[in-house]
Each structure stands twice: as structure tokens, then as C-alpha cells.
Amino acid sequence: MRPTLKTRWWSFAASLVGLALAGCASTKMTSEWRDANVAGAVLKGQQVLVVCQSRDHSLRRICEDQWKMRLQRTGVAGIQSYAVSQLPADGMAGNEEIRSAAVRAGAFAVASVQLSPDDLAVVNPAPQVGIGVGGGSGGYRNGGFSAGGLGLSFPIGWPTAAQGMTCSVAMLDAASGAVFWSGSATAPPSGAQAGQVAELTQLMIDALLRAGLLQ
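Taken in order, the sequence shown gives residues 1 to 215; the numbers are from the working numbering.
These are computed hints drawn from the structure, not numbers from a lab. Hints are supplied without guarantee of correctness; some may be wrong.
Using C-beta positions, here's what the derived DEER-type ranges look like [unchecked claim]:
no.	residue 1	residue 2	range
1	Gln86	Ser26	31 to 41 Å
2	Gly40	Met92	13 to 23 Å
3	Ser85	Gly191	32 to 42 Å
4	Ala161	Asn37	18 to 28 Å
5	Ala36	Ala83	16 to 26 Å
6	Gly195	Asp119	34 to 44 Å
7	Gly106	Ser182	16 to 26 Å
8	Gly212	Ser31	15 to 25 Å
9	Val103	Gly191	17 to 27 Å
10	Pro117	Glu32	32 to 42 Å
Glycine is no exception: its CB is placed at the ideal position from the N, C-alpha and C atoms.
My request is simple: use the sequences and hints to build the entire structure.
As C-alpha cells, then:
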């Protein structure tokens, strides 16, 4: 089938959208701060209580599992808050309650992690099937159909939504409650939220390594 003006236009538009999304389609840090009075790899060999907070309880546990696994690779023992009996099952505890649980667990620091959906969302339209009438021909492709003459398009299935994710982390001294490092990051829209959490967690671990707090 020879490409029509309509198919050329759709191809051009898709290319422009792809280029626009490529510019922002990466997980990246948006801000970072460190207490200049804290020197050296203070987290090395220590225990860290990981408290992830999210409206999705599954994501909260995935987040804490990811932090424990990736901290362990740097020689730090992570403690998931959902495994600490003194803390609420939903993870919604106050600062003093978290600090008290951290001290009882023997943790040197607390990693307080906030996960939330980003404002940026992308809706992928459902695939369509088309029928050409009057010199045209039928065909199928994701996103649309084109043919000479009269063309009719029918959606198959349902549109899918993908949303970005933001992550904000504060590292606190368990004894005093003082924040000695904080950082924020964003992940691009994706339908795989567990993958977003994994990427954001690794990004934060890398930032702590660059800051010299981990080795």
C-alpha cells in the first residue's frame, strides 16, 4: 500500500512526540542537600531503618525491599519498617515514633522515603482497526488506520495510562532526629511502577555514594 498524506502526517507527528518525550524520559535527581558538618562515610557498616510512605501499600513494601537490597551491596544493613512490630502496619507513623523504633532496633540512621505520583501522565490510545471503502483497503496498526476513499476506524481494547513518579528522601540521625542528607528525584511516565521504584532507589543510593556517606 502506498503511503498517503495522512499516513505521512501521522508518522511525522509520532516522530515529534518521540523526540519530545526522549528529552525528559530519564530518571534524574532534581535537588540534593548535605549537612556540611557531617564528614566521612558515616553510614558505612551501620544499620538503617527504611521507612517508605506511599498511598499504595504494595509499593511501600517494594520500596523498602529495594532499599534493603541495595544498601546491603554497600555494606549497610537495611531494616524494613514493615518488619518492625512497634510501627503501624500502614507505615503512617510520626517522627518520634519512628525515631524510637529505630533506636530500639539498633539503627544508626533512618531513611525516610516519600513516593508520590508525578503530575506528568501519558495516555496511550487503544489500537484501532480500519476499513477502507471506495478504492481504499482495510488494514491494522497501533494508533490508527489510513486508506484512500472513505476510512472507518474502530478501537480495539482500552487506552492505557502511564504516570511519572516523584521520590523525596531524608536521611536522619536516629538519636537526634537531625537531617544530614536529603534529595529528590523524578521518574518518567511508565506503567511499571515497581520498575520506577527500583530506578529511583538506585539513583538515591548513587547520590549517597557520591556524597561520601556510603562506600
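Quick one: are Val103 and Gly191 within 17 to 27 Å, going by C-beta? violated, 40 Å
Is the hinted range of 34 to 44 Å satisfied by the C-beta distance from Gly195 to Asp119? violated, 20 Å
Assessment of proposed distance window 16 to 26 Å (beta carbons of Gly106, Ser182): Given about 23 Å between the Cβ atoms, the range holds.
Taking the Cβ atom of Ala161 and the Cβ atom of Asn37, is their distance within the range 18 to 28 Å? Between Ala161 and Asn37, where Cβ atoms are some 45 Å apart, the hint is violated.
Does the Cβ distance between Gly212 and Ser31 fall inside 15 to 25 Å? This hint holds: roughly 18 Å between Cβ atoms.
Cβ distance range 16 to 26 Å for Ala36 and Ala83, holds or violated: Taking Cβ atoms as reference, Ala36 and Ala83 lie about 34 Å apart, which means the hint is violated.
Range agreement (Cβ of Gly191 with Cβ of Ser85, hint 32 to 42 Å): Given about 35 Å between the Cβ atoms, the range holds.
If you check the beta carbons of Pro117 and Glu32, does the distance land in 32 to 42 Å? Because 22 Å falls outside the window, the suggested range is violated.
Measuring from beta carbon to beta carbon, are Gln86 and Ser26 in 31 to 41 Å? holds, 39 Å
Assessment of proposed distance window 13 to 23 Å (beta carbons of Gly40, Met92): violated, 33 Å
Against the hints set out earlier in the document, violations occur for numbers 2, 4, 5, 6, 9 and 10.
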